[in-house]
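Chemist: What follows is each chain in one-letter form.
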Amino acid sequence: MIVTMAHGSGGAATSELIRDIFAKAFDNDVLNEMEDSAVVEGSGRIAVTTDSFVVTPIEFPGGDIGRLCVCGTVNDLLMRGAVPKYLTCGFILQEGADTEVLKRIVSSMAQTAREAGVQIVAGDTKVIEGNGGILINTAGVGFIPDGVEISAKNLQVGDVLILSGNLGDHHAAILGSRLSISNDIVSDNAPLTEMVANLEKDRVDVHTMRDVTRGGLASVLKELAVASGVVITLEEEKLPVTNAVRDFCGLLGLDPLYMGNEGKMIAAVPAEEAEKALNAIRRAAYGEHAVVIGRVEDPGQAADGKAGDLLLKTPIGGIRALDVLQGEGLPRIC
Amino acid sequence: MIEQYMEYLKQYDGPSITLMEVCGSHTAAIAKSGIRSVLSPKIKLVSGPGCPVCVSPSGYVDQLIHLALEEGVTITTFGDLLRIPGSRMTLNESKGLGAKVEMVYSPMDVIRLAKENPQVRYVFGAVGFETTIPVYTVLLDAIREEKLTNLQLLTALKCMPPVIDWLCEGGAKLDGFIAPGHVSVITGSSYYIPLAQKYRIPFGITGFNPKELVAGIYGIVRMCEKKEELLSAGKVLVKNFYTSVVTEQGNTRALEKMETYFEPGPAVWRGMGNIPGSGLYLKPEFSLYDAGSRGLDDDQKINKACRCDQVLMGKIASKECPLFGKVCTPLSPQGACMVSSEGSCYQNYLNRDN
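Line order of the protein sequences matches chains A and B. Number 18 in the working numbering belongs to position 18 of the first sequence; there are no gaps in the numbering. Number 334 in the working numbering belongs to position 334 of the second sequence; there are no gaps in the numbering.
Just chain B, same shape as in the assembly (with noise of 0.2 Å):
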């Protein structure tokens, strides 16, 4: 069956399809499959802002490490956010002027840490869309638990469907997405329902190993070929092509949790500017957990010849940026793009898949 998929997308012949994948990890793993070297040159697979990391703007690491370097005060944080950077530095490059940082695998453990060292007073730096915030709602129900008083969250969290609303609405050239697979474990397929309906646009909630990726693929684009088709038979342009793990209705533990603890409100996705009600924030009545996360806009571009913000919105590929690969490299990102290995433009530069 799969190479019945491989050999349609290898011969596919029809009008030109753009998609874009808005979730990091299907970045990573599309350039690692190598899929785009096989497929036609008439299906075009662009990156938007999938990354957590890339999207943060300069201010909130600014911030980080403005507490970071404050008597007393450690953050916590993943591996991805030591290298973003701020205005001036990165959280990494503090370390050299005494800020304290410490890298975890999971959120949890900073409990472990919070317990052991009563005196310190520890920040996490909580990044993330729908997939990592349920993992938040766990952290923040340990801290109540726990009565621990020397643990604040400084968050940046995202929700997906305002970003692809102001995707369409500022009318990126695409024909369909492929909706990310982690996020849609806890969102659920149906997430999706008003985008596709609003915009006549596809969606195809894909797995991250390259077959799944193949079948994802092929299934878009046969949703784009049949659009009219579907459309006028009134059915949706939503499929799930992730069904081991993904379902219509998604965690609603998980959601309920998020409801619980934190509320939309406007936030600024680096390079992309202010989009309203795409951020998530602690509930007024939990800001005793909440070391100051909102209003963090500020964002400075490292380089002003910076082409990130249309890079993620899928307007040019990272090789149509001037800086990309010269001065931007991996090593000496200029934008956010090129940051984490989620990043479309290390993703490109690292497998020259563009």
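One chain only, chain A, in its complex shape (with noise of 0.2 Å):
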């Protein structure tokens, strides 16, 4: 079926939509209830956070818009140290979506949720002119634990910073479908609570953690750095790229360091504790490929850097300055 303007007109077609396609996925007796709002129970320090997702294709190779809305959403979450419980979903559809595909979208959102240990307690949907296309808003409600205290303010000068995975699998895989460059690159979009949920069960001193998404790692690095007021060293020998990425990102002269994820997180954590984070990073789901990538310095003492610096330490011993992604990231020319 294709979906029509009068699958937002709030009618007949409107609810035969959110009955066939939408309540059967997510079915939950929040949800079930289809009521103007959702009421949820809850108390103590809550997270909250929104995101909307228009990304193009909305399939591709190891994910889609469903899966990718609710690991973004969740992670989001986890990344204060809460554990995530409700997320709330907007759908826009242009004119001429079709429903075959609307249904793998939202079955693959529901799968995600349940992977990821989150109720979809409300909804709702619109549909605008167009060509077919599908977008996502999501708002994420999470609770965070007594105690729990992690911010991109927190870092600690002697932190070693732990990145959970390869980088640039999700920018690959998304510019591959979209530049039809043949490839066996898969997005790495995946929800992260069972690494955090780890981190905290072993009782590691996290200070800081970050998803790392749009921008990619130096991006997301420079910002902490500059809210915590610090240095931070990488070592470019240490940052994990797969050869697939890495000559991928040469082909098109793009940076592994400034392409994005959607299932990889930073840690910092105080170097006595590295080993057991990463020892339960790696046990989790998504986790295995875990690394110490560099670390926290006192910008009064470290050899070439002031507060707010990223530097990373080249293979030859050369000193690069990183900042954030400025403009696109387009592919240069040769």
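Please keep in mind that the hints were generated in silico from the structure rather than gathered at the bench. Watch out, some of these pointers could steer you wrong.
[Said to hold, decoys possible] What follows is a set of in silico ranges between Cβ atoms, one per label pair, in the way DEER data are often shown:
(1) Lys306/A <-> Arg253/B: 52 to 60 Å
(2) Asn243/A <-> Glu93/B: 31 to 39 Å
(3) Leu179/A <-> Gln310/B: 30 to 38 Å
(4) Thr18/B <-> Lys306/A: 22 to 30 Å
(5) Asp51/A <-> Tyr8/B: 46 to 54 Å
(6) Asn279/A <-> Gln310/B: 50 to 58 Å
(7) Asp297/B <-> Gln156/A: 57 to 65 Å
(8) Pro194/B <-> Ala227/A: 49 to 57 Å
(9) Gly170/B <-> Glu272/A: 53 to 61 Å
(10) Thr260/B <-> Gln111/A: 53 to 61 Å
(11) Arg45/A <-> Pro41/B: 51 to 59 Å
(12) Glu228/B <-> Asn243/A: 44 to 52 Å
(13) Gly96/B <-> Ile46/A: 36 to 44 Å
[Claimed, not checked] A short list of chain A residues far from chain B (calculated; beta carbon distances all over 12 Å):
(14) Thr99
(15) Glu194
(16) Ala197
(17) Asp202
Don't be surprised by glycine CBs; every beta carbon is placed ideally from N, CA and C.
Take the two lone chains, each set in its own frame, and fit them into one complex as the hints suggest.
Modeler: Here it is as structure tokens:
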């Protein structure tokens, strides 16, 4: 079936779409009440986040916009130390969207929500003119356990930085499909629930966590260095990048340091906790390639740098100062 | 071996040596390797006009925009070209006015587009040096083979030797050239011999990974040191340190193809002026495939204080330009060197490597 403006009318066609696609897949007690708003249990410190997903293509190697929107929202909650509980989703469908594709997206969303341990408790659908696109906005709510204090401002001198896996897979997978460059790269979109739960279970003293999304590792770490007023030094040789992604970047003149992921995170922990943290992350789903990639230094003591600097030690011993991504990161010419 | 070269370059204490790279990929590779931070202060690396996008004049960009706004015309081109300023705006910005622009990663993609959409007139924004020009000859072959009547090229093609000649003639303070690795795959190492002889200046063809850069720079520094000795022994000051892919004669088939389709002519290099014989244009017998590439000589500065021309000539470092890092940043480039990821100011800004 093809989505038409009638599916956004609020009448019979809308009800049918909601019943056959969304309610069926997301099925839970809160949503099933079909009231104007969802009423949920919870108390204490609440983490709230929202995100919009406009990726093209909507289905890509290793994932789709449905899995992506759950992962993106859940991971943002996790990065503040919250336990994600509830999601809402707003679908903006363009006329001409194929309901078979929509079903696949929604089913993938439901499956990813189950994997991440969250319930989709409220939703909305609108139809606009267009060419069959599907856009999704999500909001997420999570609860922060007592005593957990994780923030971009908490980096401490002496912390080591752990990266949970290979860089650039999501970005390369998307770009590869968009440019029709055949390759075996698949998106890493994944919820990091188990990884964060393990860190907490093992009582690792985590100062900062950040998921490595748009802008890539360099942009994320530069922001952390500025927010915490420290120098971050990375070892280029330690950065995990698969050969496929490295070659893909080489072909297009892109830098894996600026390529986005959707299932990777950075954790800053005191040096003496590094082994414990690595063990917790590697034990979790999607964390097997976790490595220490750098450390946090005192701006007064660092060999070359001032507060807010992100420095990269190159394999020949050179130092490269990195900034956040500038512009769009377009492929270069030769 | 590399460690010894590295140590030599660190400890070097002879006369000051300034080397210029004239290849955008070298500019990017040098910045990424952090090699400047480990060289002796007596060895200076400067970036020349090595980025084909950066040196395309505003008149060329204006013409692309003009065509893209025409009814039924779509411009296809590489990513970088979208960001280079014309006299009023970039190709990317012109999309907001309704310009039809598609980014491709290979010129051959446009063959598919042209076949799928016969009602659209496609113009390929073909920019490049000797490295990329053979690709356009393959594209031209395909256009002719497929008998496509809805695909043309708007070219801004340039060759290396005339601009190197122009730099040396103009008194650029240089002691040697890091000769472009990719260009040399096509042209062969012998391409630089006339220039090396005319100006008594060493050329070293160098690869792109950090070790290849160290080996190449070491080799060129050694040539600079032993220059008189080499010359009096009748030696040529051209050495190939990228032998895995570069030969003496180059890719003769590609060179023949280039000669089939293109002929030299004058070309304007952004901020530098018109350099005779430095451009390549489709020959009159192939004018059918040319969307009007000759005479696009207008070269407007976005900001009068911009000193890109002197940066491109190696006369000043990026940070000596009054705009650098202040009003001129990758997000609001005031000059060509800040536009492309191969531009020297862009790399210097990003890597604080100047």
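Chemist: Give a verdict on every hint.
Modeler: Okay, the hints, checked on the actual structure:
1. Distance hint for Lys306/A and Arg253/B: a CB-CB separation of about 53 Å, consistent with the stated range 52 to 60 Å.
2. At roughly 37 Å, the beta-carbon separation of Asn243/A and Glu93/B lies within the given 31 to 39 Å, and the hint holds.
3. Distance hint for Leu179/A and Gln310/B: a CB-CB separation of about 37 Å, consistent with the stated range 30 to 38 Å.
4. In this structure the supplied range 22 to 30 Å holds for Thr18/B paired with Lys306/A, their Cβ-Cβ distance being about 29 Å.
5. Taken as a hint, the range 46 to 54 Å holds for the pair Asp51/A and Tyr8/B, whose Cβ atoms sit roughly 53 Å apart.
6. As the Cβ distance of Asn279/A to Gln310/B is approximately 55 Å, the hint placing it in 50 to 58 Å holds.
7. Look at Asp297/B against Gln156/A: about 58 Å separates their beta carbons, and that is inside 57 to 65 Å.
8. Between Pro194/B and Ala227/A, the C-beta spacing of about 56 Å keeps the proposed range 49 to 57 Å intact.
9. Separated by about 60 Å at the C-beta atoms, Gly170/B and Glu272/A satisfy the suggested range of 53 to 61 Å.
10. Taking the beta carbon of each, Thr260/B and Gln111/A are about 57 Å apart, inside 53 to 61 Å as hinted.
11. Range check, Arg45/A to Pro41/B: Cβ separation about 54 Å, and the 51 to 59 Å hint holds.
12. The hinted range of 44 to 52 Å is satisfied by Glu228/B and Asn243/A, whose Cβ atoms lie roughly 46 Å apart.
13. Checked against the given bound of 36 to 44 Å, the beta carbons of Gly96/B and Ile46/A, roughly 40 Å apart, stay inside it.
14. Even its closest Cβ contact with chain B, about 27 Å, leaves Thr99/A beyond 12 Å, as expected for a residue assigned away from the interface.
15. With a closest Cβ-Cβ approach of about 35 Å to chain B, Glu194/A is found to remain outside the 12 Å limit, as its non-interface label requires.
16. Interface exclusion of Ala197/A from chain B stands, the closest Cβ pair being 37 Å apart, more than 12 Å.
17. No beta-carbon of chain B is positioned within 12 Å of the beta-carbon of Asp202/A; the least distance is around 36 Å.
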